[in-house]
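One-letter residues, chain by chain:
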Amino acid sequence: MTGTVDTAALTAWLREFARLIGDNKSLLTELDSAIGDADHGVNMHRGMTAVLATLDAEVPDTPAVLLKRTGMTLISNVGGASGPLYGTAFLRMATAAGNDASLADGDVAKILRAGLDGIVARGKAEAGDKTMYDALAPAVDTLDAVLADGQPLAEALAAAVRAAEEGRAATIPMVARKGRASYLGERSAGHQDPGATSVTLLLAAAAITLPG
Amino acid sequence: MHKIINDPANIVPDALRGLAAAHPELRVDHENRIVVRGDAPVAGKVGLISGGGSGHEPLHAGFVGAGMLDAACAGEIFTSPVPAQMVAATRAVDGGAGVLHIVKNYTGDVMNFEMAAELAEAETGVAVTSVITNDDVAVQDSLYTAGRRGVGVTVLVEKIAGAAAEQGRPLPEVAGVARKVNDNGRSMGIALSSCTVPAAGKPTFDLPDGQMEVGIGIHGEPGRRRVPVAPAGEIADMLVSPILADLDFTGDSGVIAFVNGMGATPLIELYVLYHEVATILGKAGVGIARSLVGPYITSLDMAGCSVTLVKADDEILRLWDAPVRTPALRWGA
Chain A
1 MTGTVDTAAL TAWLREFARL IGDNKSLLTE LDSAIGDADH GVNMHRGMTA VLATLDAEVP
61 DTPAVLLKRT GMTLISNVGG ASGPLYGTAF LRMATAAGND ASLADGDVAK ILRAGLDGIV
121 ARGKAEAGDK TMYDALAPAV DTLDAVLADG QPLAEALAAA VRAAEEGRAA TIPMVARKGR
181 ASYLGERSAG HQDPGATSVT LLLAAAAITL PG
Chain B
1 MHKIINDPAN IVPDALRGLA AAHPELRVDH ENRIVVRGDA PVAGKVGLIS GGGSGHEPLH
61 AGFVGAGMLD AACAGEIFTS PVPAQMVAAT RAVDGGAGVL HIVKNYTGDV MNFEMAAELA
121 EAETGVAVTS VITNDDVAVQ DSLYTAGRRG VGVTVLVEKI AGAAAEQGRP LPEVAGVARK
181 VNDNGRSMGI ALSSCTVPAA GKPTFDLPDG QMEVGIGIHG EPGRRRVPVA PAGEIADMLV
241 SPILADLDFT GDSGVIAFVN GMGATPLIEL YVLYHEVATI LGKAGVGIAR SLVGPYITSL
301 DMAGCSVTLV KADDEILRLW DAPVRTPALR WGA
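So the sequence lines, in the order shown, correspond to chains A and B. Heads up, the first sequence is in the working numbering, so the first residue is 1 and it goes up one at a time. Heads up, the second sequence is in the working numbering, so the first residue is 1 and it goes up one at a time.
Treat the hints as calculated values from the structure; they're not laboratory data. Keep in mind that a hint or two might mislead.
As the list claims (entries may be wrong) - Derived DSSO-like pairs (lysine-lysine); straight-line CA-CA distance at most 27 Å: (1) A:Lys25 <-> A:Lys124; (2) A:Lys110 <-> A:Lys68; (3) A:Lys68 <-> A:Lys25; (4) A:Lys25 <-> B:Lys202; (5) B:Lys3 <-> A:Lys25; (6) A:Lys110 <-> A:Lys124.
Assemble the whole structure, with the sequences as input and the hints as a guide.
The structure is reproduced here in structure tokens:
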């Protein structure tokens, strides 16, 4: 599989995600204070800072190696639930990326789908549980549908971001059934899910960087 | 924020340096942020590991030592440690009889320990068994949620399973003892204040004067409901009634009654509460075989308390009474 998305594009994606996490660190922690334990922004920031350090040291030759290293770095530095979930997502993306030096548009959808599957396997979340799944799943579905329609990657990712934003907003009235927010029962309703918020940033970063 | 810290980002490593200085009988691996019993690995003994977010001191590092844990993994404040820490701890305590991971039921802890157990078995061939504590009756146990939180019973599981391991019992038996204590344990907590995570710099939630949160966990998260602050007798009832409603605690051997402080509540108030708890249990026909009163599983500077009851039997009481020598729990040795 070859295409336009190479390790330079993926590196730009990770750098942009790190920048967005840094800019939104307080927001993520604030959202997590309301229904969790006030650490999502700090943890993701620590993890992405570690990822940036690996990018500064060396950019691998293939997407698979880059994505795998990113997953391992997140697992080793984030902790909490986000570490295994984001880490597993990147490890699955690495496996799905194969060994070629770059990815075609369809491969981008394929690796994001694999990442979503990894999150489901690790966290066992379903639609409506008020988790990152509720933003990521509709985004991946939209990405597939728009690409199948023959639209270019830029259009498809832009549509995916809109779907993620809608999914993120839809978490507000939900009663959490997974993670620490689930302990609040009905009181978790009325708050936006922090994981759905950070994963929307991951897609927003992809839309800015991956189409080139 | 009034805190005795240098840099909020370094509170965990700074505290581990203090623990190492105060307790030279323990080994502290600063790189991996694990605290290991000085004589580990003990040949032929099952190794006991626990760990979790920091901010619950003395849990878990304060319970490392003879008769209790072999190692504890310290995460960031309220954040699960990462798998590499548990793998390092597993290697450090493996005395050839396998390793037991004691995990509080929180999504992050469970997932990180799960990955660690897979990695440790793959990398080292050590047999790892995990026991998850989930004793908090404030959370309805349901297949559709993350399930009940692991709270106060974790202290008692670590003590009692630790005593079983010290006797040289094999891994399946030590794990069985740990599960029995968890299955026979129930907890409930209240908060009179929130707590301040140093990196956040302000209280996790606002609690107006005169109000309290009922059904809290140990991470400064709000509880299930908010009610006006009540006298100790009523608080004891709010804590004990749901516990007694959840499990039949009557029996010949009685219970281990554990009244825990959340960090900022003074011991004198915990004894006021203990009296009320004992009175309620007496009326309910539940005998108290052993007690533990004090701040053992805390939530930083949260004011509040929790009650844990474990239905005892001869084996549990014998193991409870066995010698223990750790920074925070020490008797008979």
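Taking the hints in turn, this is what the structure says about them:
1. A:Lys25 <-> A:Lys124: OK: lysine 25 of chain A and lysine 124 of chain A at ~26 Å, within 27 Å.
2. A:Lys110 <-> A:Lys68: 16 Å, holds
3. A:Lys68 <-> A:Lys25: Holds: lysine 68 of chain A and lysine 25 of chain A sit about 24 Å apart, inside 27 Å.
4. A:Lys25 <-> B:Lys202: 15 Å, holds
5. B:Lys3 <-> A:Lys25: 22 Å, holds
6. A:Lys110 <-> A:Lys124: At roughly 20 Å apart (the allowed maximum being 27 Å), lysine 124 of chain A and lysine 110 of chain A satisfy the hint.
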